[in-house]
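Peer 1: Below, each chain spelled out in residue letters.
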Amino acid sequence: MMSRFLPAVLLCSVLLAPAAADPLGKVLDQENQDNGVSRKALPGVDDLTYLRRVTIDLIGRIPTAEEISEYESLAPSTRQQKTVERLLADERFADRWTIFFADMLRLRSNAEGGGASIAFIHRAVRDGMGWDEMSRRMIAASGKAGATPELGYILGDNADPMALAGSTAQVFLGVRVACAQCHDHPFDVWKRKDFYGLAAYFGKTRRVQSQFTNTVYTTEADQTTVLWPPEGVEDGAERKPMVPAFPFELDKADRPSRPIARLRALRQKQAQLAAAKTKSNQKGDAGLEALLAAAGTKADRRSSGKKTDDLGVANEAKRDAKKLKIAQARYRASKLRADLAAMITNPRNRLFAQSFVNRVWGELMGRGFVEPVDNFSQENRASHPRTMDFLADEFIAGGFELKGLVRTIVNSTPYRRQHAVGVEDPVRIELESAFLSTPMRRMMSEVLYDSVVTAGHLFDVKHEKGKNLKVVWSRSRVAKRPAEGSEAAVKPQLLADATSRKVMKKPRLKKGKGGSPYDVEQAIELDFDALLAESKQDGVKIERMQVMSKEEIEAMRMQQQAANNRPDVEYFDRFIRSVFDDNPRFSTSMRMASPAAPEHFLRIFGQPSRATLDEKRDHTPSMRQALMLLNGRLTHEASRVGELEPIHKLLTGDTPRLEAAIRLAYREILTRNPTATEIAEAREVISGAGSPLNGMADLRWVILNSNEFRFLP
Amino acid sequence: MAMSCNDYRLTRRRMLATTGASMLGMSVQQLLAAQGSSHAATAEHVILFWNGGGMTHLDTWDPKPGRPTQGEFEPIETSAQGVQISEIFPQLAKQMHHCAVVRSIAGTQGAHGQATYNLQTSYRQTANIRHPGFGSVVVHERDRMGDLPGYISISGRAPRAHYLGQKCEAYFVANPGDKDPYLAFPEGIGQVRGNKRLDVLARFNRRFNAGSGDKKLASNQTAVKEAVKLMRSPALKAFELDKVPTTTINRYGDTAFGRGALLAKRLVETGVRFVQINRGGFDTHSNNFPAMQNHGDVMDPALASLVEDLAETGMLKKTMVIMLSEFGRTPRINPNAGRDHWPNVFSGFMAGGGIKGGTVVGSSDKDGMEPDKRPVPVADLHASFCHALGIDPNREVQTPLGRPMKLVDNGNPVSELFG
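Protein chains in written order, with the numbering used here: chain A, 1 to 713; chain B, 714 to 1132.
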């Protein structure tokens, strides 16, 4: 069935006609012309290449064969735009771009409140919350780790004012001021006093860790810790509280394209809509009422269980109300940081919008207007300031919305351009720096992982039940004769205590699997909904539990183990045979707890540890990466042909339809149709392999390991 | 805003030009010579045992007989005259003439994370930058020998390379002796079939790379070539412990630690520069003494056999064996018969690679509370290791932000450690 319509598809895959007028492309072309760029822009990529590129960029995996067919069935003139809309609406768009934010903000799911913050970002991206709103919430957040999901940013730097001054300028404004912490900036305008003025906004914030519960929260003290002059500058000088001062200039007037006026109009419209909605709902939002309603739910839950206790429920509601007050007193909000957040996200603060559009442009184009993307400076000016400002204006006017920005870029001509092939390096660099061609970009680690899973049909089982039975022998140490009465069995109590405490701190995971040498290729999903649901629970709940450090637990575990090996008991090895159906499934790596362990696939392929400001995704190849793809389980399982895969039918039976299978493999893995030479070559590979199924596995293994697969077209 | 400090009146370009000249124009040796610190290396390899959790100094390297802080162990005489260590190391005691102990490490960090960071990198942890672990520094400065990776971490994670880059990351071995699945074709793919796949892959990539001409693609191909070279290397035999006689395994102790020590020995013999063996369980807030007895039972045969074997083959001359932990433990014994965190003074163990055998550097006071003689800052330990390896600890490398960072945080080699 597949093979019958494929030749027709080949004919459809024509070069894309020059795109309809796009304002972004026009601004860029004009700016290039004014810059005296003489080289000509490369043409756009063909239809299928565009599909692969934009699918990878927007939802973080290659398109499936079904998506390719669906795309081809759309009218050529509108299929690209329609696809962009489909991808923007896909839940995976939020998955993919949450990684972008988590890298930038250095959110770590194993850090205090980090998991909840990642979940917060995911929901914000999904629901189209503006970057200004997201930023304000994160910069001004105060509360308890996890319960206040936005808090992860502040806690990521342990609420340290100096660290937060450096990271806030760099992350939200693309300006590196951290050097000015210790001395006036060596090659920029930043003075030490500017840095201290910025740090002073964070000076009253305190990170508090409850001694009893180990829970972490932030609150505001009356005194600031940021004093001027800095320690050791003047001997004996009295150090006074530093007055907060915002060191960045704000635009006085709106710009010619009136982004601020347009934003105001948009906000008014949004407010009207929201007001209308509230009216129709007609529900009070008093904290107490909401709590009483919640108490009602609790009562319902109880009545289905053991006992009904109306009085108890009412008391509980009162208690909850009291907790709300305690919470407000305990997690004092930060007026200073709210002020700072308002200034940072002010539409008149050009750097806020400029630095963000520069990052997104860099992510999609492989190169920012300013490089490195977080180093805006007088010494490091933008290559195309007008194009960047055009994007910034549209971004502001559109309510700082990521999806709108991404839509503008991926629908533009510059995004569609081909790579420069077969030219000398200087020419390529010239073309790429003027955005006249697109640079080769390697898939980032999560995208590579998910793309292998997609190509190999591994999101679901692909083998029939019982077709992959494997026998495993495991060794266990057994006591020959139980010790005579005396000390009875070794008490597992200590260990149980230790581990049950540990469980309290474990991240919420959907499922886990352990103990295999291939663990470094597993993706264990975080449950974002559960993480956010937890944040809705009351904020002052105190787990009366002393939490042990993991080092202490390890010490107890080892003691337990040593105690189990008792000299008075004889042991022998028992071998246990077990059979299991090895029918693997892989989850998406996009929602995995991140950053992954250092030896995990994702880290090996460049996921950053999100620990420091100067760490970027590493796209350089390494031997470890090669070993992992050549010999790893993921590529191996993706290559093997399962009975439930469409390609299986083409390869089995009396007359295998090899050519159709080869075409399908190319479409599934490389999103394109093979050339005649490639078909001939693939036939040779398959026929030399003993069986068509093995031969196809070999072919797929090769393509999955190839450079063409790994680099965006 | 005007710049106020003349020293910083440098443009970025000029800055890069000046630093670039010193980095590119001169070789490391020239730089070393220029700074007067060039000397021949006495060590070519390092085996670092990392004891996570904070190992008690009082029950290991720094016994306090007759003091209330002594605890349950007695000191024993060793083959090094006048040097006593805890009775939990009866076999190692016979090798102490090869070994040195520093009893006056003056730590500053009392929390596991910060202290581990400090001991493994020589730097204090700050928010703005992450420093590379010592193993990464070594492989950054010393060339790889042979086919195996230069830096291997066993039974746990080594610190990351951070600004020193991918090439200085540790190769990770989960369980010593277990087959590493990534060093051979996947299950069910024989040599012939696997090699055929590699041939086809090389052809595919050649064609694709030629069509593009982008250098990024070529370096990807180099990584594949390196991987295949490693897969086919006879040096991989070093990883296989199943052919090692049982008597040898038993001599080191049939434990993960014993096998780790044995593997480390085989790896340095094959040319690996730096092996780190990780083990935890030293955070003995309760029941310190039975726990330390168990640790002794595990560590003693392995350490003693390793030092003995390396000495016998002559490898000890150029292999530095180090055992460190993030801090020591409180001299006061708490109500749970445990000891708590104690960074003020603690001990470290070293042998080989130019380290003078039978040495004790520094001392703690009579109860092991504070350094008494010759406090040794953490960075001085790192500077000493660098000294043995012929690495200039003050050499600067550039971080991605263009910030110069010394390899070691301003340490001075401890001269008493060397002959």
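Worth flagging that the hints you see were computed from the coordinates, not collected in a lab. Cβ coordinates follow ideal geometry from the N, Cα and C atoms, glycine included. A few of these clues could be false.
Said to hold, decoys possible - In the SDA-like style, the derived pairs of lysine to any residue whose C-alpha atoms are separated by at most 20 Å in a straight line are:
{"id": "1", "chain 1": "A", "residue 1": "Lys616", "chain 2": "B", "residue 2": "Leu1114"}
{"id": "2", "chain 1": "A", "residue 1": "Lys467", "chain 2": "B", "residue 2": "Phe1131"}
{"id": "3", "chain 1": "B", "residue 1": "Lys909", "chain 2": "A", "residue 2": "Ser706"}
{"id": "4", "chain 1": "B", "residue 1": "Lys929", "chain 2": "A", "residue 2": "Lys467"}
{"id": "5", "chain 1": "B", "residue 1": "Lys938", "chain 2": "B", "residue 2": "Asn1049"}
{"id": "6", "chain 1": "B", "residue 1": "Lys909", "chain 2": "A", "residue 2": "Gly690"}
{"id": "7", "chain 1": "B", "residue 1": "Lys928", "chain 2": "A", "residue 2": "Phe711"}
{"id": "8", "chain 1": "B", "residue 1": "Lys1069", "chain 2": "B", "residue 2": "Lys880"}
{"id": "9", "chain 1": "A", "residue 1": "Lys616", "chain 2": "B", "residue 2": "Ile842"}
{"id": "10", "chain 1": "A", "residue 1": "Lys550", "chain 2": "B", "residue 2": "Ser999"}
{"id": "11", "chain 1": "B", "residue 1": "Lys929", "chain 2": "A", "residue 2": "Ser706"}
{"id": "12", "chain 1": "B", "residue 1": "Lys892", "chain 2": "A", "residue 2": "Asp519"}
{"id": "13", "chain 1": "B", "residue 1": "Lys928", "chain 2": "A", "residue 2": "Gln418"}
{"id": "14", "chain 1": "B", "residue 1": "Lys880", "chain 2": "B", "residue 2": "Gly903"}
{"id": "15", "chain 1": "A", "residue 1": "Lys470", "chain 2": "B", "residue 2": "Gly903"}
{"id": "16", "chain 1": "A", "residue 1": "Lys616", "chain 2": "B", "residue 2": "Pro1113"}
{"id": "17", "chain 1": "B", "residue 1": "Lys909", "chain 2": "A", "residue 2": "Asn694"}
{"id": "18", "chain 1": "B", "residue 1": "Lys928", "chain 2": "A", "residue 2": "Asn346"}
{"id": "19", "chain 1": "A", "residue 1": "Lys269", "chain 2": "A", "residue 2": "Gly362"}
{"id": "20", "chain 1": "A", "residue 1": "Lys616", "chain 2": "B", "residue 2": "Ile902"}
{"id": "21", "chain 1": "A", "residue 1": "Lys550", "chain 2": "B", "residue 2": "Asn1049"}
{"id": "22", "chain 1": "A", "residue 1": "Lys470", "chain 2": "B", "residue 2": "Pro899"}
{"id": "23", "chain 1": "B", "residue 1": "Lys950", "chain 2": "B", "residue 2": "Ile842"}
{"id": "24", "chain 1": "A", "residue 1": "Lys550", "chain 2": "B", "residue 2": "Gln822"}
What the hints assert, rightly or not - These stretches of chain A come out as covered by chain B in the derived footprint (C-beta under 8 Å, 3 or more residues):
{"id": "25", "region": "99-113"}
{"id": "26", "region": "399-413"}
{"id": "27", "region": "624-630"}
Peer 1: For each hint, tell me whether it holds in the structure or not.
Peer 2: Okay, the hints, checked on the actual structure:
1. Lys616(A) - Leu1114(B): Holds, at roughly 11 Å.
2. Lys467(A) - Phe1131(B): The hint is violated at about 64 Å.
3. Lys909(B) - Ser706(A): The given pair, whose Cα atoms are some 15 Å apart, holds under the 20 Å limit.
4. Lys929(B) - Lys467(A): violated (41 Å)
5. Lys938(B) - Asn1049(B): Violated: Lys938(B) and Asn1049(B) sit about 56 Å apart, past 20 Å.
6. Lys909(B) - Gly690(A): Holds, at roughly 13 Å.
7. Lys928(B) - Phe711(A): holds (13 Å)
8. Lys1069(B) - Lys880(B): Between Lys1069(B) and Lys880(B) the Cα gap is close to 32 Å, so the pair fails against 20 Å, i.e. violated.
9. Lys616(A) - Ile842(B): The hint holds at about 12 Å.
10. Lys550(A) - Ser999(B): holds (14 Å)
11. Lys929(B) - Ser706(A): holds (13 Å)
12. Lys892(B) - Asp519(A): Holds: Lys892(B) and Asp519(A) sit about 14 Å apart, inside 20 Å.
13. Lys928(B) - Gln418(A): Measuring from Cα to Cα gives roughly 17 Å; hence the hint holds.
14. Lys880(B) - Gly903(B): violated (30 Å)
15. Lys470(A) - Gly903(B): holds (18 Å)
16. Lys616(A) - Pro1113(B): holds (9 Å)
17. Lys909(B) - Asn694(A): holds (13 Å)
18. Lys928(B) - Asn346(A): violated (43 Å)
19. Lys269(A) - Gly362(A): violated (32 Å)
20. Lys616(A) - Ile902(B): Answer violated: Lys616(A) to Ile902(B) is near 37 Å, above 20 Å.
21. Lys550(A) - Asn1049(B): holds (18 Å)
22. Lys470(A) - Pro899(B): Since the Cα atoms of Lys470(A) and Pro899(B) sit roughly 15 Å apart, the hinted pair holds (cutoff 20 Å).
23. Lys950(B) - Ile842(B): It is violated: about 38 Å lies between the C-alpha atoms, which goes past 20 Å.
24. Lys550(A) - Gln822(B): This hinted pair holds, its Cα atoms lying about 17 Å apart.
25. 99-113: Answer violated; 0 residues pass the 8 Å Cβ test.
26. 399-413: violated (count 0)
27. 624-630: holds (count 6)
When the structure is compared with the earlier hints, violations turn up for hints 2, 4, 5, 8, 14, 18, 19, 20, 23, 25, 26 and for no others.
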